[in-house]
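Produce the complete structure using the sequences and hints provided.
Residue numbers (the numbering used here), protein chains in the order written: chain A, 2 to 316; chain B, 2 to 316; chain C, 2 to 316; chain D, 2 to 316; chain E, 2 to 316; chain F, 2 to 316.
Derived from the structure by calculation, the hints contain no laboratory data. Some clues are possibly wrong.
If chains are identical, the list can't say which one is meant, so a pair holds when it fits in one copy or spans any two.
In silico lysine-lysine, DSS-like type, Cα no more than 25 Å apart, as pairs [as the list claims (entries may be wrong)]: (1) K275 <-> K309; (2) K309 <-> K162; (3) K162 <-> K98; (4) K309 <-> K92; (5) K241 <-> K147; (6) K309 <-> K241.
There are 6 protein chains.
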Amino acid sequence: MLRLTSPGYGRFVQAQSFEVNYGGAEANVAAALAVWGEESFFVSKVPAHEIGQAVVNTLRSMGVNTNFVLRGGERLGTYYVERGADIRSSKVIYDRKNSAFSLSEAEEYDWEKIFAGADWFHLTGITPALGQESEHLAAAACREAKKRGIPVSLDVNYRSKLWGADRAKGALEKLLADTDVCIVNENQAQELFGVSGERAMQEFAEKYSLRYVAFTYRRTEDALHNRIWSTLYSDGKTVKSCEYRMEMIDRIGGGDAFAAGLVYAIGHGFELQKAVNFAEAASCLKHSVPGDVCFCSLEEVLSVADGKTLGRVSR
Amino acid sequence: MLRLTSPGYGRFVQAQSFEVNYGGAEANVAAALAVWGEESFFVSKVPAHEIGQAVVNTLRSMGVNTNFVLRGGERLGTYYVERGADIRSSKVIYDRKNSAFSLSEAEEYDWEKIFAGADWFHLTGITPALGQESEHLAAAACREAKKRGIPVSLDVNYRSKLWGADRAKGALEKLLADTDVCIVNENQAQELFGVSGERAMQEFAEKYSLRYVAFTYRRTEDALHNRIWSTLYSDGKTVKSCEYRMEMIDRIGGGDAFAAGLVYAIGHGFELQKAVNFAEAASCLKHSVPGDVCFCSLEEVLSVADGKTLGRVSR
Amino acid sequence: MLRLTSPGYGRFVQAQSFEVNYGGAEANVAAALAVWGEESFFVSKVPAHEIGQAVVNTLRSMGVNTNFVLRGGERLGTYYVERGADIRSSKVIYDRKNSAFSLSEAEEYDWEKIFAGADWFHLTGITPALGQESEHLAAAACREAKKRGIPVSLDVNYRSKLWGADRAKGALEKLLADTDVCIVNENQAQELFGVSGERAMQEFAEKYSLRYVAFTYRRTEDALHNRIWSTLYSDGKTVKSCEYRMEMIDRIGGGDAFAAGLVYAIGHGFELQKAVNFAEAASCLKHSVPGDVCFCSLEEVLSVADGKTLGRVSR
Amino acid sequence: MLRLTSPGYGRFVQAQSFEVNYGGAEANVAAALAVWGEESFFVSKVPAHEIGQAVVNTLRSMGVNTNFVLRGGERLGTYYVERGADIRSSKVIYDRKNSAFSLSEAEEYDWEKIFAGADWFHLTGITPALGQESEHLAAAACREAKKRGIPVSLDVNYRSKLWGADRAKGALEKLLADTDVCIVNENQAQELFGVSGERAMQEFAEKYSLRYVAFTYRRTEDALHNRIWSTLYSDGKTVKSCEYRMEMIDRIGGGDAFAAGLVYAIGHGFELQKAVNFAEAASCLKHSVPGDVCFCSLEEVLSVADGKTLGRVSR
Amino acid sequence: MLRLTSPGYGRFVQAQSFEVNYGGAEANVAAALAVWGEESFFVSKVPAHEIGQAVVNTLRSMGVNTNFVLRGGERLGTYYVERGADIRSSKVIYDRKNSAFSLSEAEEYDWEKIFAGADWFHLTGITPALGQESEHLAAAACREAKKRGIPVSLDVNYRSKLWGADRAKGALEKLLADTDVCIVNENQAQELFGVSGERAMQEFAEKYSLRYVAFTYRRTEDALHNRIWSTLYSDGKTVKSCEYRMEMIDRIGGGDAFAAGLVYAIGHGFELQKAVNFAEAASCLKHSVPGDVCFCSLEEVLSVADGKTLGRVSR
Amino acid sequence: MLRLTSPGYGRFVQAQSFEVNYGGAEANVAAALAVWGEESFFVSKVPAHEIGQAVVNTLRSMGVNTNFVLRGGERLGTYYVERGADIRSSKVIYDRKNSAFSLSEAEEYDWEKIFAGADWFHLTGITPALGQESEHLAAAACREAKKRGIPVSLDVNYRSKLWGADRAKGALEKLLADTDVCIVNENQAQELFGVSGERAMQEFAEKYSLRYVAFTYRRTEDALHNRIWSTLYSDGKTVKSCEYRMEMIDRIGGGDAFAAGLVYAIGHGFELQKAVNFAEAASCLKHSVPGDVCFCSLEEVLSVADGKTLGRVSR
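So this is what it looks like as structure tokens:
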């Protein structure tokens, strides 16, 4: 997607220019993993024009392999962002109907090649929310991954503006059947699945046969200050991450950084407490970086996860 | 429409920000007329969000009355502009399908109020090209104007990417039946109506019972240097404007400035030669101003039309 | 007035460019009311050149009617703003002597037309402070409003750099004789009128036969953090607004937003507590927006006034 | 003076920021001479605030000695510049009435110290045009220089917006009585002194007992393309400089660079042809540099004056 | 290399910021080829810090494979660029001594892997000029390519500031022994090899057993206007390209675009005339794009090479 | 040195431009003193090109005398700065090896002229750390100052990336033998000299025969919030400054502002408590100003030192 952001803390109607970022939930996860040295691939479809090419260039610059990005369709999904400040909320206006990706069909993708050699597949709940085709596509992709024994992670990322809770629940439950790792924030866990609190995690994991369940928490003090933490469940055990009170530079992509961190941590066999700390540190660091992507090195994330970093000058 | 332009002479893929302009063919005409002191109204539909509001604010800042701009629909038509330089052409990427305006229907507009007290109606050929609804809307608007005896001007503005020549010809001929003043560039006159050259102007005027016909001409030397001129026919007489060789700052809106100039000139009863000179001067001046709108005062246009201005410092 | 601001937190001597804003105390009030959907008019005088025109365009963009803005005189009042940070104070340098407005005389304005259909008149104490002509002008305007039964609000806005306390008190007392609603901050209430604290409000209201008296309070923690609240008295009752601790983006115009909020609230018949909350919420929100004007929608102000907003992302 | 310029080729009403430059006719001459390694002093008065300080800092950065810049008064003269393009003229709006300098009086300056060790004094016709005080000041300064045997150069720089031709002629003739070197453009020579063409130079020089007379010529092709040349008379001989056709980046200060070049050339005893070539080269180069000052090294000016430079990359 | 450019046409001493580009002669060739769809690799060494990483990211964004970019050493070569205008020349200040690449040794590179599957090797004369290590490295690379039968192209790119003509000639002749395609501009052909004019091309080709020889020509009108053309010799035949008179946006990288074009054309078996036209079109187009790289699509280059493009708006 | 800073809170790899500042530890001290009205000289060496000239211009603009800045050598020391935010640390990458200054030798400087009329000499521990020549130079300068009875202040400023603790200790002890005033932060006092805490100050002063010893303290809350304070010892007495909790705009130069403040305070005979308060206030204020230099007036520093300023708007 193309993200167009008002400069500084200006309102939409005051903007004489928009800052340009290319990203999206899954793209941000792929990018963070690439920045940390993982070989990551982004699978999507963008229009065969220069704005579409800009998406590809942006991902490539971060080291993401874009060989499986199809070209075609008419438009790139777009959204407008206005930064809030103090008591004034940030605003997001979406304009992503009829995007090339949302209209792409499962048959256009060569799953054989895409999953050859893959050892992880990550998906967010935004994809199936984009429309009928996308819902099929998401289901097909999970199924294809599952049947090859590739672990699947799903970040629920429920957006009520895109679909209703009922349709969402139905579609997501189908995906959960093929999922190994599920991330969901506390409100959505409650709204969609009727579960809340640490105790419910085990129940939720068992109901959907999940190996890992992460619940994420966010408390808003004002537009620029949030507190975040998370809990991670696996195999009968639940751990809680560090809690961070953040002065945020850019909130977009904070959840994707968590997802990327969790995929990295599980993929590298981190033990449970270290895994959740790593994911939360990645999320926290992302909030300090402009743009959608957690442009922080592995060393930086590990240092924060280990509690060693407090914002000193490094020279 | 929202126009997003790459900064300077950078290419789309190099842009980290886009310059923001709100405009569109008819809006640019209304704006120029307001800048010249006319009371002008813009009739359209924009989404009921802040990006839609920005269109309204922009038009109001120039003095255009926006009381007849409807609010609703889902998105604002968008296009991307990359400035060319030297032998490298400028590029435009359109993303305007399903815009609030293109899906608006004739019935949504209160023609009685809109045309109460109006003494001119201007339309471009882009509107009917946007889709079935817009074609109906354009026809309805012309008919409503006509039946109230309000003069109608039509800038053909044929865009082959939007519709084919056959469909365009059919739709435009219907509009021409209600039109008094028609503006068309030489290539489109040839392609759509099979006429070319000064002699054909009378024939064209008679065929469609037009009071005024303007043919516009443009020769491209390179991306930043064009030559332009025009001819104007009325009542058996044809005149040719001055010819300008321009070093262009911003080409978008050059044709709209011509249309605004012609509407102004005819509306104020300028004699034929002065009318075409005024319109061409407005067009030439527009090319020297960034953005879509001919932000030049009446005095400036008159001074250029009279051949008195050569780019001296005014202090 | 033209406001020229150093970029970011740079000092005046570091600036290679200035940000441009057009505003002023009364203009900011008119603008906020227009943003909230009120029909508002700005009455003033600006030079008949493009910098003067820019004032008009800016106000029109926000929906303010500028039909009563006279053109003429030599210059636009100007001021320079440098944002402070932490312990370093913000700085303002004024250069507004001999502005077109400050030299305009009461006779230049067509009070009959201006007040035809008007249902409110707002004035600040800056206007009479600008000089002899302005003092007459302010008095004349209040008198003309009063004699037509139009409610008058006066924001005291005492600036010691412009006039002494004695001259100010004399002039303001004359205005208060025609005033219905008076806004004054605690320090100026003390310095000019010798009143302080909630109890003095009734006394103050009675002395000058005011329907409403608002006292505003501000505590400075550092250049970017202030606490604000206010009290409102009417008809024997005094209420206190919410108190906000703010991280400020732009402090200029915070008081004008309060005034606009109060005018709106009283004009719409809000009960006392809701009125002061609405005004304070408008003021608080203004501090989060760059520029002079409270570019926040009615919904946003109401949401903050109702305590429902805490700076969440709205998407 | 403070110069506020609209960004790029945008019009005043489009500007959301202004570029900031500090300069002025005499300041630009002092700055160019300092850049070329001369010890130069600027004598003026600026307000005792940060905007005044910025003038001092700017001059110091270029190596101009500011020890004789007085502090006081209320405001700095200001002007607004809008760059033209193609057939659209550049625009300048002045706001310099009541500047600290224009109200400063001859008695405030310590001529003894100022002229101790000085070997040149340069003045432009703008100074006496600023008002009664400035006219006295200019005359006093010339007289003080003259009586110490210090050569005086006067750049006529007649601005009809500031004073009428009659008053100007009277005042300038008084200054010419103390002047050794006079620079005047062809139009002003005609309008003020009724002389034109090369032949009149000798007559003009003899009438006012001038050692050197320079006539400058400018032909405008469009807002960005001018041709310039000059003639220089001394001691019975007249020479013509090279003629340059320029694509201009910034026209302001082009005449001041010529004056600086002439002062440098005469001061260093260049023979007549070399002197006028050097001055014209400096002027031409200035037009290629943004801002008011000829930020070009001695080597660059000499290289252009010698016809050795054609805009190659120097690497 | 890191290129730091003064904004607009400002001089170095006026810059408060520098534009950032990462490029270099060979990198620019690799990038252009990648933009045209070729698989291209960049072989170099950059410091193991974020500025080094930025080089990698920039190349990746354009599609260049950076697997053979070594990490280490202390610094990245840097240069400063100031754009000229009109008669004022552009300026380049180099600061590239002791760069990581210039101190890297042939043994650090894994030639086996680098050349596995390669079908072309391109080198410029800047590399051996950087110092003793680089001279060895260049020779080693050419030898390794040659012994695997991989065609080698050498762009002479002689920089007299880096080494003397004698040392350059000696080193380059060694490289020419392994070279198939040599590009040299007319002046350097004369200065280093004593050849000039079309007739000498065959002689030059035979002397060094070259399959292709290209001579490039540039005539400077002023800092922003150049004329360029080239001649290409192969197998007894010499052809001349189109000649372009350009208004340049950015001159850096114009020669590299020519080299890339020639490599592409020869690699794709273009016949001689088409080959030189393609290379010259690429070079011409590069001059219209900001930055070092020919960010123009294959279609655009072909269209210009075929004489079909004249800078029209493409919409 | 040239400082290149990523815009806003962007990371190095995201920067398309760098902000430009010229400064350095000793330069910042000289600049602050000049801003406060002292006559200050900067002694150094910069390359004889425009980037070197920009250093001179920058210092001159602030009023620093640059007559003793030598021209020559090859490069200017450079460093890259990335602002941290929240838990993400700021980053500095140095590239200053082989700078003109670091290779300059004591014999190049004319100590007789440099110290004629001087009444203070300030040096930081960065200078001797730059290499063998710089170590000699630092020692020579201190010796030359000492033998003329000029007070010497040394800011230890130990940078472990430049030299080891052992070499540093040896070199610094030699300098301390000629030093009157020593500033060192608590960690370096411990690491290099094995002293810590207030009590050790007297011991340290006596060991090296220092008239004044200042220990500085900094606690990091996060990248933008620090607490700072200091202690000052002289003649048997130790005082502690105010403690400031800061929201920082730019941390670079905070220590230099302390040093400048201490030099000013001691030079003007402030009593001990006032001296340390003044120095700490200068340091605190510097953190609120972008760039390296404490661009705050004497009045501002005094006002903060006296506890009178809390970031109010001054208008």
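Hint-by-hint comparison with the structure:
| no. | hint | in the structure |
| --- | --- | --- |
| 1 | K275 <-> K309 | within (14 Å within a copy, 37 Å between copies) |
| 2 | K309 <-> K162 | between (40 Å within a copy, 20 Å between copies) |
| 3 | K162 <-> K98 | both (12 Å within a copy, 21 Å between copies) |
| 4 | K309 <-> K92 | between (34 Å within a copy, 16 Å between copies) |
| 5 | K241 <-> K147 | neither (29 Å within a copy, 61 Å between copies) |
| 6 | K309 <-> K241 | within (18 Å within a copy, 29 Å between copies) |
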